[in-house]
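K.L.:
Residues per chain, in single letters:
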Amino acid sequence: MNFEQRLKELKLNIPVLSKPAGVYLPAIKTGNLVFSSGQLPLADNRLTFKGRVGKEVSADNAQRAAKIATLNALAAIKWSIGDLNKIKKIVRLSGYICSAIGWNDQAKVMNSASELLIDVFGEEVGSHSRVSIGVLELPMGSCLELDLIVEIK
Amino acid sequence: MNFEQRLKELKLNIPVLSKPAGVYLPAIKTGNLVFSSGQLPLADNRLTFKGRVGKEVSADNAQRAAKIATLNALAAIKWSIGDLNKIKKIVRLSGYICSAIGWNDQAKVMNSASELLIDVFGEEVGSHSRVSIGVLELPMGSCLELDLIVEIK
Amino acid sequence: MNFEQRLKELKLNIPVLSKPAGVYLPAIKTGNLVFSSGQLPLADNRLTFKGRVGKEVSADNAQRAAKIATLNALAAIKWSIGDLNKIKKIVRLSGYICSAIGWNDQAKVMNSASELLIDVFGEEVGSHSRVSIGVLELPMGSCLELDLIVEIK
Numbered sequence: 004m005n006f007e008q009r010l011k012e013l014k015l016n017i018p019v020l021s022k023p024a025g026v027y028l029p030a031i032k033t034g035n036l037v038f039s040s041g042q043l044p045l046a047d048n049r050l051t052f053k054g055r056v057g058k059e060v061s062a063d064n065a066q067r068a069a070k071i072a073t074l075n076a077l078a079a080i081k082w083s084i085g086d087l088n089k090i091k092k093i094v095r096l097s098g099y100i101c102s103a104i105g106w107n108d109q110a111k112v113m114n115s116a117s118e119l120l121i122d123v124f125g126e127e128v129g130s131h132s133r134v135s136i137g138v139l140e141l142p143m144g145s146c147l148e149l150d151l152i153v154e155i156k
Numbered sequence: 004m005n006f007e008q009r010l011k012e013l014k015l016n017i018p019v020l021s022k023p024a025g026v027y028l029p030a031i032k033t034g035n036l037v038f039s040s041g042q043l044p045l046a047d048n049r050l051t052f053k054g055r056v057g058k059e060v061s062a063d064n065a066q067r068a069a070k071i072a073t074l075n076a077l078a079a080i081k082w083s084i085g086d087l088n089k090i091k092k093i094v095r096l097s098g099y100i101c102s103a104i105g106w107n108d109q110a111k112v113m114n115s116a117s118e119l120l121i122d123v124f125g126e127e128v129g130s131h132s133r134v135s136i137g138v139l140e141l142p143m144g145s146c147l148e149l150d151l152i153v154e155i156k
Numbered sequence: 004m005n006f007e008q009r010l011k012e013l014k015l016n017i018p019v020l021s022k023p024a025g026v027y028l029p030a031i032k033t034g035n036l037v038f039s040s041g042q043l044p045l046a047d048n049r050l051t052f053k054g055r056v057g058k059e060v061s062a063d064n065a066q067r068a069a070k071i072a073t074l075n076a077l078a079a080i081k082w083s084i085g086d087l088n089k090i091k092k093i094v095r096l097s098g099y100i101c102s103a104i105g106w107n108d109q110a111k112v113m114n115s116a117s118e119l120l121i122d123v124f125g126e127e128v129g130s131h132s133r134v135s136i137g138v139l140e141l142p143m144g145s146c147l148e149l150d151l152i153v154e155i156k
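Protein chains in written order, with this note's numbering: chain A, 4 to 156; chain B, 4 to 156; chain C, 4 to 156.
Among the hints, a few may not be true.
A pair holds if it fits inside one copy or across any two, identical chains being indistinguishable in the list.
Said to hold, decoys possible - Straight-line alpha carbon distances no greater than 25 Å define the calculated SDA-like cross-link-like pairs of lysine to any residue that follow: (1) K156 to A46; (2) K32 to L87; (3) K70 to I84; (4) K22 to G125; (5) K14 to M143; (6) K81 to G129; (7) K22 to S130.
What the hints contain is simulated information worked out from the structure, not anything from laboratory work.
For reference, chain A alone in the conformation it holds in the complex (with noise of 0.2 Å):
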């Protein structure tokens, strides 16, 4: 299975890497695994969703945010690897939404992060650990931020 060929399948482009919110690198990579750094849904280095889920955002808007931010993800670790062919195994996804009071739906967003990755990569490398909260805040008023960690070749 050829990862970058099933992103041009599925029409999906891995995007230009968004400046780093501060002075910290896209990615990092350690022996045989590569921890990303927090992603915001930023396209072009804008926010395309601010606010709070579950009150300013939708469900819906949030899933769409939790799709750019995945792409953005592997944009950083393509950043560090080269080639997404590298990736041997999706270890862990984890997912911060700023939530609403009372609003408990944060599975339900990083589902749709989870889907694109099994998506791309297929079961057997897609399938990953995750944990999903609801934070008060995340950098610029995002309505939501998520890190990958990988494991390559």
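Once you have looked at the hints, place chains B and C on chain A.
P.N.:
Frame of chain A; chains B and C shown alone:
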């Protein structure tokens, strides 16, 4: 030390794995590390303690929830590696407590999870690093979520 | 580059390790990785900055707190490995900022931690991946918490 036997001595049961709250796996193995997904205090697929600690949920009940979620995390790891005796080291316990405003005893709640790990695995294997934070909301309205990273033989 | 000497040049002291806030260890080594526990801006076992950033705590003071917590994280890692010169790579910095509602400068606060790491370890070793989120509450009422994952030689 036989950890499966030690669980029996402590009259602790590794529960039947609850259905993940989304499209992800209970745990993932990468090299010698196993990452559990975020675990809620579920029993028979139902949340045992729901709401904000320091408000709807007492610190005592949150400690009960932390023990249940820790056993769920061990169930997730056992699902991945087959036998808890393969565990060489508990590496990291991360706890996310749905907190009332002004309530700051997150560490006290997570202590009950840490103590359970040390009871089962002993000081040498069970002593771990830890992160505890107070979050705004959690999936399904849970009072807490936690995840484990363990090293295996 | 001698990191212990570099700390002296920068007039930075690795503090005496504060007592952990619970039954866990300051840091854990697994293979070539060391995970620090979550660190508060403690000095002599007392919190230096307490409260919500953007409300009771200014961004400037939160940056001071981030530097103190970063040195505490290095103290925790040194406790585990004995000598900071064994560090090969700063892998991951995670920051949890107790935020006022509507305050979104988490990245700015964490930049002071990132800059300290790059000052001490240089661009090649010190540049890292990062996650920054705004949380509701933290242990002891701290204004921030952070943890490090480092790769050792």
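K.L.:
Failing hints, ascending?
P.N.:
Hint check: 1 and 5 fail, others pass.
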